[in-house]
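Asker: Count along the sequence shown from 1, then add 959; that gives the number in the numbering used here.
Hints in this document: simulated from the structure, not taken from any laboratory. Misleading hints may appear alongside valid ones.
Pair ranges (Cβ atoms, derived) [as the list claims (entries may be wrong)]: (1) S1001 - R1099: 17 to 27 angstroms; (2) E1077 - E1024: 31 to 41 angstroms; (3) G1103 - C991: 24 to 34 angstroms; (4) Y1008 - E1032: 16 to 26 angstroms; (5) D994 - R1031: 15 to 25 angstroms; (6) S992 - P1079: 34 to 44 angstroms; (7) R998 - I1096: 13 to 23 angstroms; (8) I1096 - P1029: 24 to 34 angstroms; (9) D994 - E1078: 27 to 37 angstroms; (10) K1021 - T1083: 12 to 22 angstroms; (11) S1104 - L1039: 15 to 25 angstroms; (12) L1039 - D1094: 14 to 24 angstroms; (13) I1096 - Y1008: 32 to 42 angstroms.
Glycine is no exception: its CB is placed at the ideal position from the N, C-alpha and C atoms.
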Amino acid sequence: VLAPSRSPREIPVCYGGVYGPDLEAVANYAGCSTDDVVRLHSEVAYRVYLLGFVPGFAYMAKVNERIAMPRRETPRVSVLAGTVGIADCQTGIYPSATPGGWQLIGRSAFYPFDPNREEPFLFTAGDTVRFVPVDEIEFRSLVGSGVTNGDS
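Please model the complete structure; the sequences and the hints are all you need to start from.
Answerer: Written out as C-alpha cells, the structure reads:
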C-alpha cells in the first residue's frame, strides 16, 4: 500500500543535448519531435511507486505510452547523478553516478539521494513528482547555487 501522496514536488529538468543524449532517439521511436517528448514527459504528475536499484532511485509512473521506449539493449557504464531517464512506462532520476540502461532524456540539478542532507532521500513511495522543463541557463544557475534537494 502506497502512502498518501504529498503535494507534487516540482523538479526542473534541462532536456536534450549533453543532458539528455537519448531524447532524439525517444522522439524517433515515438514518431514525434523532441519538443513533443518534453511536453509529454513534463505534463504528467508521476507517482513514486518504490525506491530501489541504488539508494534514492525512485521508480515513477506512468509515462505516456507514446514515449514509453524500452531500456537500452546495452546499459551505459556510467550515468551522471541527476540524469532523468525513461524505461517503458517508468521514469526516474539517477541519484548517483551508476551504470544504467534507461533512455536518458534530461538532467536535473536535484539529487534524489544525499547522505549528508538532514533528510537523505528526496522522495518516498506515494510522492507525486512533476518535471518542469528549464533551459540550460537556468539549469546552470541551479547547479551553481548548490541547491540539490528541491527546496529552492
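Asker: With reference to the structure, classify each hint as holding or not holding.
Answerer: For each hint, the structure was consulted:
Separation of S1001 from R1099 is about 19 angstroms and conforms to the stated range, judged on CB atoms against 17 to 27 angstroms. Checking the proposed 31 to 41 angstroms range against E1077 and E1024 shows it holds: the Cβ atoms sit about 38 angstroms from each other. One distance hint, 24 to 34 angstroms for the beta-carbon pair G1103 and C991, holds here, with the actual separation near 33 angstroms. Restraint check, Y1008 to E1032: a C-beta distance of roughly 25 angstroms satisfies the suggested window 16 to 26 angstroms.
Between D994 and R1031 the Cβ separation comes to about 23 angstroms, which falls inside the hinted range of 15 to 25 angstroms. Taken as a hint, the range 34 to 44 angstroms holds for the pair S992 and P1079, whose Cβ atoms sit roughly 38 angstroms apart. Separated by about 20 angstroms at the C-beta atoms, R998 and I1096 satisfy the suggested range of 13 to 23 angstroms. A hinted range of 24 to 34 angstroms holds for the C-beta pair I1096 and P1029, which are about 33 angstroms apart.
Judged by the Cβ atoms, the range 27 to 37 angstroms given for D994 and E1078 holds: they are separated by roughly 35 angstroms. One distance hint, 12 to 22 angstroms for the beta-carbon pair K1021 and T1083, holds here, with the actual separation near 18 angstroms. Between S1104 and L1039 the beta carbons are some 18 angstroms apart, a value that agrees with the proposed interval 15 to 25 angstroms. Taken as a hint, the range 14 to 24 angstroms holds for the pair L1039 and D1094, whose Cβ atoms sit roughly 19 angstroms apart.
Judged by the Cβ atoms, the range 32 to 42 angstroms given for I1096 and Y1008 holds: they are separated by roughly 33 angstroms.
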